[in-house]
Amino acid sequence: MPKIIDHDERRSHIVDVTWDLITQGGIEAATMREIAAAAGFANGALKLYFPSKEDIIQATYERALGMMREYVELDELRGLTALRELCVSSMPIDEDRISAGRVLLTFWQLSLTNPKLQDKYLEHIRSWRGLLHRYLTEGREDGDIVTETPDEQLVDEVVLINAGANVMSLVAGEFSTVALQQQHLESFFTRLTRP
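Numbering-wise (the UniProt record's numbering), the sequence shown opens with residue 1 and increments by one.
If you are wondering where the hints come from, they were derived from the structure by calculation, not from laboratory data.
Any given hint could be a false lead.
What the hints assert, rightly or not - With beta-carbon atoms standing in for the labels, derived distance ranges:
(1) Asp144 x Gly164: 18 to 28 Å
(2) Leu112 x Glu62: 10 to 20 Å
(3) Gln109 x His13: 35 to 45 Å
Claimed, not checked - Once the Cα atoms are required to be at most 30 Å apart in a straight line, the calculated DSSO-like pairs of lysine-lysine come out as:
(4) Lys47 x Lys120
(5) Lys116 x Lys47
(6) Lys120 x Lys53
(7) Lys116 x Lys53
Beta carbons: idealized from backbone N, C-alpha and C, even for Gly.
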């Protein structure tokens, strides 16, 4: 009787291996040959599960985003409370999130020269910015957010704080400690509640 192969499980295993290679040695370590060897496949066998390295990297990136979403508990939250939860949960405040940030940084690098990957990242950014705008609007409706700073500027600040914290936690951790990240976020939230 032929062996039943779980293709989803194999795809997940390839993503696991790619994740480990990227977090341990950067994108340079995640060659098709190394991914195949670490996953226990012949080099050409990867194509049965992913047509290209780009597709493997995209799946790994999507796993990183999925991990970030798991940290966010927005059910039944709105306004300022939801905004705070979203901002705090996406910061690199523990080893898992720092690892996810390393994968995201690799994806950012590749998206500079790959329009398909760049489109995928822009789709994520637009969605994230949409949520930030929604929670700011709700916070103003609830009377919790009273700053006169325009929402577009506030959204830009959150995105830059988050992206900067993720990059700095990888390349210069002493300048992006959890305490410093919390301090920047608290300063931001304090400004939201003042006219």
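Quick rundown of the hints versus the structure:
| no. | hint | in the structure |
| --- | --- | --- |
| 1 | Asp144 x Gly164: 18 to 28 Å | holds, 25 Å |
| 2 | Leu112 x Glu62: 10 to 20 Å | holds, 19 Å |
| 3 | Gln109 x His13: 35 to 45 Å | violated, 24 Å |
| 4 | Lys47 x Lys120 | holds, 21 Å |
| 5 | Lys116 x Lys47 | holds, 19 Å |
| 6 | Lys120 x Lys53 | holds, 15 Å |
| 7 | Lys116 x Lys53 | holds, 13 Å |
Violated hint: 3 only; the structure is consistent with all others.
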